[in-house]
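There are 2 protein chains.
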Amino acid sequence: MNYIIGIDVGTTATKGVLYNELGKAVSTVSKGYPLIQEKIGQAEEDPKLIFDAVQEIIYKLAQQTTGKILAISWSSQMHSLIGLDQNNELLTNSITWADNCAKSIVEDAKNKGLAKKVYRKTGMPMHPMAPIYKLLWLKDQKSELFKQTQKWIGIKEYLIFRLTGKMITDTTMAAGTGMLNLNTLTWDQELLNIVGIKQAQLPEIAQPIEVISPIKIEYVQKLGINPDTKIILGASDGYLSTIGVNAIDSDHFALNIGTSGAVRTIVDQPKIDENASYFCYPIDQQHYLLGGPVNNGGIVFNWARQTLFDANETPQDFLDVAQTAPAGSRNLIFLPYLGGERAPIWNADARGSFIGLTRMHQKPEMARAVIEGIIFNLYDAASNLIKNTKKPVTINATGGFLKSDFVRQLCANVFNVPIVTMKEEQSGTLAAMFLARQALGLSKNMDEIEQFAQFAQTDKVYFPNQKEAAIYQSIFPLYCEIRDALAASYKNFNK
Amino acid sequence: MNYIIGIDVGTTATKGVLYNELGKAVSTVSKGYPLIQEKIGQAEEDPKLIFDAVQEIIYKLAQQTTGKILAISWSSQMHSLIGLDQNNELLTNSITWADNCAKSIVEDAKNKGLAKKVYRKTGMPMHPMAPIYKLLWLKDQKSELFKQTQKWIGIKEYLIFRLTGKMITDTTMAAGTGMLNLNTLTWDQELLNIVGIKQAQLPEIAQPIEVISPIKIEYVQKLGINPDTKIILGASDGYLSTIGVNAIDSDHFALNIGTSGAVRTIVDQPKIDENASYFCYPIDQQHYLLGGPVNNGGIVFNWARQTLFDANETPQDFLDVAQTAPAGSRNLIFLPYLGGERAPIWNADARGSFIGLTRMHQKPEMARAVIEGIIFNLYDAASNLIKNTKKPVTINATGGFLKSDFVRQLCANVFNVPIVTMKEEQSGTLAAMFLARQALGLSKNMDEIEQFAQFAQTDKVYFPNQKEAAIYQSIFPLYCEIRDALAASYKNFNK
Ligand SMILES: Nc1ncnc2c1ncn2[C@@H]1O[C@H](COP(=O)(O)OP(=O)(O)OP(=O)(O)O)[C@@H](O)[C@H]1O
Ligand SMILES: Nc1ncnc2c1ncn2[C@@H]1O[C@H](COP(=O)(O)OP(=O)(O)O)[C@@H](O)[C@H]1O
Chain A
1 MNYIIGIDVG TTATKGVLYN ELGKAVSTVS KGYPLIQEKI GQAEEDPKLI FDAVQEIIYK
61 LAQQTTGKIL AISWSSQMHS LIGLDQNNEL LTNSITWADN CAKSIVEDAK NKGLAKKVYR
121 KTGMPMHPMA PIYKLLWLKD QKSELFKQTQ KWIGIKEYLI FRLTGKMITD TTMAAGTGML
181 NLNTLTWDQE LLNIVGIKQA QLPEIAQPIE VISPIKIEYV QKLGINPDTK IILGASDGYL
241 STIGVNAIDS DHFALNIGTS GAVRTIVDQP KIDENASYFC YPIDQQHYLL GGPVNNGGIV
301 FNWARQTLFD ANETPQDFLD VAQTAPAGSR NLIFLPYLGG ERAPIWNADA RGSFIGLTRM
361 HQKPEMARAV IEGIIFNLYD AASNLIKNTK KPVTINATGG FLKSDFVRQL CANVFNVPIV
421 TMKEEQSGTL AAMFLARQAL GLSKNMDEIE QFAQFAQTDK VYFPNQKEAA IYQSIFPLYC
481 EIRDALAASY KNFNK
Chain B
1 MNYIIGIDVG TTATKGVLYN ELGKAVSTVS KGYPLIQEKI GQAEEDPKLI FDAVQEIIYK
61 LAQQTTGKIL AISWSSQMHS LIGLDQNNEL LTNSITWADN CAKSIVEDAK NKGLAKKVYR
121 KTGMPMHPMA PIYKLLWLKD QKSELFKQTQ KWIGIKEYLI FRLTGKMITD TTMAAGTGML
181 NLNTLTWDQE LLNIVGIKQA QLPEIAQPIE VISPIKIEYV QKLGINPDTK IILGASDGYL
241 STIGVNAIDS DHFALNIGTS GAVRTIVDQP KIDENASYFC YPIDQQHYLL GGPVNNGGIV
301 FNWARQTLFD ANETPQDFLD VAQTAPAGSR NLIFLPYLGG ERAPIWNADA RGSFIGLTRM
361 HQKPEMARAV IEGIIFNLYD AASNLIKNTK KPVTINATGG FLKSDFVRQL CANVFNVPIV
421 TMKEEQSGTL AAMFLARQAL GLSKNMDEIE QFAQFAQTDK VYFPNQKEAA IYQSIFPLYC
481 EIRDALAASY KNFNK
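As they're listed, the protein sequences go chains A and B. Numbered according to UniProt numbering, the first sequence terminates at residue 495, and the numbering increases by one at each position without gaps. Numbered according to UniProt numbering, the second sequence terminates at residue 495, and the numbering increases by one at each position without gaps.
Possibly wrong hints are sitting among the right ones.
Copies of one chain are not kept apart here, so a pair can be met inside one copy or by any two copies together.
[What the hints assert, rightly or not] Calculated pairs, BS3-like style, for lysine-lysine (alpha carbon to alpha carbon, straight line, at most 25 Å): (1) Lys467 x Lys271; (2) Lys230 x Lys166; (3) Lys147 x Lys166; (4) Lys467 x Lys495; (5) Lys460 x Lys166; (6) Lys363 x Lys491; (7) Lys24 x Lys39; (8) Lys491 x Lys467; (9) Lys68 x Lys222; (10) Lys363 x Lys495.
Bear in mind the hints are in silico, worked out from the structure with no lab data behind them.
Generate coordinates for the entire structure from the input sequences, incorporating the hints supplied.
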């Protein structure tokens, strides 16, 4: 039997999955590494440690089988930035999406209209996670380092460079830099001029199914793989976890609510939003990934469980109490922005609120309002997509927050769209494996991804309850009114 | 020994206290009666039941002593309205201050400028509790009844009429109708024309120390008192509970936080507020009672204890947890308007909110924010008074919410004024008794009320802690910003 390894390079860990030729996961290995947070707002990682983790994972997975490993393919965290010198040695850590160094640069770029230009040209929201803003910050704050740097790449490019010696990125990763022109799918010269870097300082751009072989001979030996194991370029985790739940066109939205959350869909033309409320990342000339990354998912549920209840009460205890309150929590509104927020409001200073309390509201209403608020926020993000595309036929949902029937049904009622839930959570490595199948000619069309039924398989479908859906549709405008009423005040909480 | 009876006619009960000549309370009797709430917003009482309660109280107190009862004096709930026919028989219940029938009339009066006129001319806030609005509502909705009615009085006038046959009110009670001209201290003819009633339909107006004897002989016998026991006109509970805590001039604010709350002060000129945020009720040509009645006091504390904690945890448990959070609750703001609000925002639709949550905020911060929010709301009301008068030298405080050292000190820190707390809570009957002393010539000047030391006696003084006061002074503008940001949305919660 032949195998394919799918690797997902996450923020806290990298996970590798060994898939057999039928697309079944036979083994999983994962390895964590620390986030470097020595000053407020910093969130960096050591690329060498990540490369070590990747080597260990490949080695261990290769040990699991005597069969042939046809390919290694990649899913990766987006928005990281790494500087290399003229010898391609590291000059920086990997500055991750979570790093805040460029916060004031973004404020400035908003005021001067640059942020709008970046969004219009590249589909990258006005947020410090984007490498374009990190580069402006480095130019301003670390000008020596900036001048010295010969190459600017991200973590996936670094790992592939180490294995193959090729410096190459794919469209979906390049899109996350804020420098890839939406229409031409090439680096945008005007933006590079503003940043003050040359095209040659950036990796070349290829399709996710590009084959980047051979692997350097030293790693063939070290990792215990064949010399003709192919390295497939792979793509961003955002894109792969979308197609990985079989959301391959605008009929479907991929919804994930784990610790944080995201809602995404794929459309056939670039569609940006007048309020820059979502990203629009090109995949190729016919496909664009639209979506919103949301900070406040299960992490807020966890907070509420510990704060409204006691730390020793279980998620199920919380859900049991919440279910005793009526749909809409008697018009108690919860804005879930406890960790600031990216989509849909893009306000790092945002905070959470309970609004509309009366003496009728007791613990059940407060608990249910938290769940409803988390879902309203994702619906809010989805609404911005729907406004510019169309209402989906299904929402394909994953994530730990959506474990229970109660929350899944509530979600179907709020979105007023059937929710298809997925058994398999490893949609990123699955889709990376599928890219490799395409690269190798084992799968032809994108829609064959559906065949890997054990992964994208429907656990259960939740259809909206029309009565409750109507309640949520009537409350949502109030939620939006309150969201807007408080927007201007958040900055004053952090003074 | 001679005695004076002070009677306080409250909304849920009437309380009578038998005072000896030294001003010491020797016996207390109280008797409750139901609030009639057959439809939403209704809050009426049966005047006959209240008169029965009053008779029972006087009888029982009279039984306590063989000494002579010199006088019976009155403290009364304000804003009640009772209609009598040509035989002075009841045509209506007593429509209390809590009744909401005139809500839409007030909205209309606000839109048409009438509400502003009423406030400017009489000092009565724009609120359905005012009899002037109830009369407009009755004219509109119950025109037959309105035409039939020969006399419009309040509950205190009814009780005194039953005992003496005289239909008479005092300035402080008349002020609460919204028809007493602030400058002339007579019924305002322009407003009476608008309402469509004649001056003869209203009681005559006298000073609170007016003697209204004799008592009808049938009651002398029935109640077991002397024929020469004097009935003293008395005054409103708002006025009497202010002088009853020795807040007799603008150097002192009377602060009460029980189930609901109030802040009041007495000034020597009529001073209305451009935003109509407080009442300005004349007492006489040299004294005006300014103040704000606040719905959300200990009732909100109680709600929070049951909702954030469990019903079986005590107020002290709640306070113990709240005290572990820092002053300012890490910028978590609580707006306490769970029961709608009168002063300072005058918005019946208002609701409560927690705003500014982050994952740092746990139960202690939420608990402390509730306490701080309740006090901020009263400080907000007091600020409107301070803006138009001056900062007081002390705040004389009473009420169940201010039982603990912690809350008292917190109150001193928020107000940034020393808080003098009072042992005696029965300031209304005490002051009614003092009016009788003045009427009988036993006390001369108002400042002699201080002598009744066992009542107005200082339990303890709490001086502001300058560090914490500075924290609250810095958060209060944010509280106000949030208060204003949400103001326009409350109406949409009740749709
Ligand atoms: N230890 C405490 N700390 C704070 N609040 C308390 C404490 N104990 C009781 N309370 C609150 O005090 C309130 C009762 O106070 P009080 O007896 O003065 O009220 P009341 O006379 O019914 O009210 P009102 O004066 O508004 O008519 C209750 O709402 C309760 O929540
Ligand atoms: N029964 C449950 N109902 C709702 N949320 C839950 C439940 N159990 C766990 N969670 C939430 O799910 C989140 C973890 O989801 P998961 O998909 O594993 O997250 P991630 O992979 O993003 O870290 C936690 O934040 C937790 O609060």
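Checklist entry - How do Lys467 and Lys495 come out at 25 Å by Cα distance, when the copy is not named: within, between, both, or neither? => result Answer is between: at 17 Å across copies they meet the 25 Å cutoff, but 44 Å inside does not.
Checklist entry - From the Cα coordinates, with 25 Å as the cut-off, is the pair Lys147 and Lys166 best called within, between, both, or neither? => result Within. Shortest intra-copy distance 23 Å satisfies the 25 Å Cα cut-off; inter-copy 96 Å does not.
Next on the checklist: At most 25 Å between CA atoms: does that hold for Lys363 and Lys495 within a copy, between copies, both, or neither?
Outcome noted: Close across copies (23 Å), not inside one copy (31 Å); limit 25 Å.
Next on the checklist: Reference check for the pair Lys363 and Lys491, CA-CA at most 25 Å: within, between, both, or neither?
Outcome noted: For Lys363 and Lys491, only the inter-copy Cα distance (24 Å) is at most 25 Å; the intra-copy one is 29 Å.
Checklist entry - Is it within a copy, between copies, both, or neither that the alpha carbon of Lys68 lies no farther than 25 Å from that of Lys222? => result within (16 Å within a copy, 110 Å between copies)
Checklist entry - At most 25 Å between C-alpha atoms: does Lys230 with Lys166 qualify within a copy, between copies, both, or neither? => result Close inside one copy (13 Å), not across copies (106 Å); limit 25 Å.
Checklist entry - Should Lys460 paired with Lys166 be assigned to within, between, both, or neither, using CA atoms and 25 Å as the limit? => result neither (44 Å within a copy, 79 Å between copies)
Item to check | Within, between, both or neither: Lys467, Lys271 at alpha-carbon 25 Å | outcome: neither (33 Å within a copy, 53 Å between copies)
Checklist entry - Is it within a copy, between copies, both, or neither that the alpha carbon of Lys24 lies no farther than 25 Å from that of Lys39? => result neither (43 Å within a copy, 66 Å between copies)
Checklist entry - What label fits Lys491 with Lys467 when the C-alpha limit is 25 Å: within, between, both, or neither? => result Between. Shortest inter-copy distance 24 Å satisfies the 25 Å Cα cut-off; intra-copy 38 Å does not.
The structure is inconsistent with the numbered hints 1, 5 and 7, although it conforms to all the rest.
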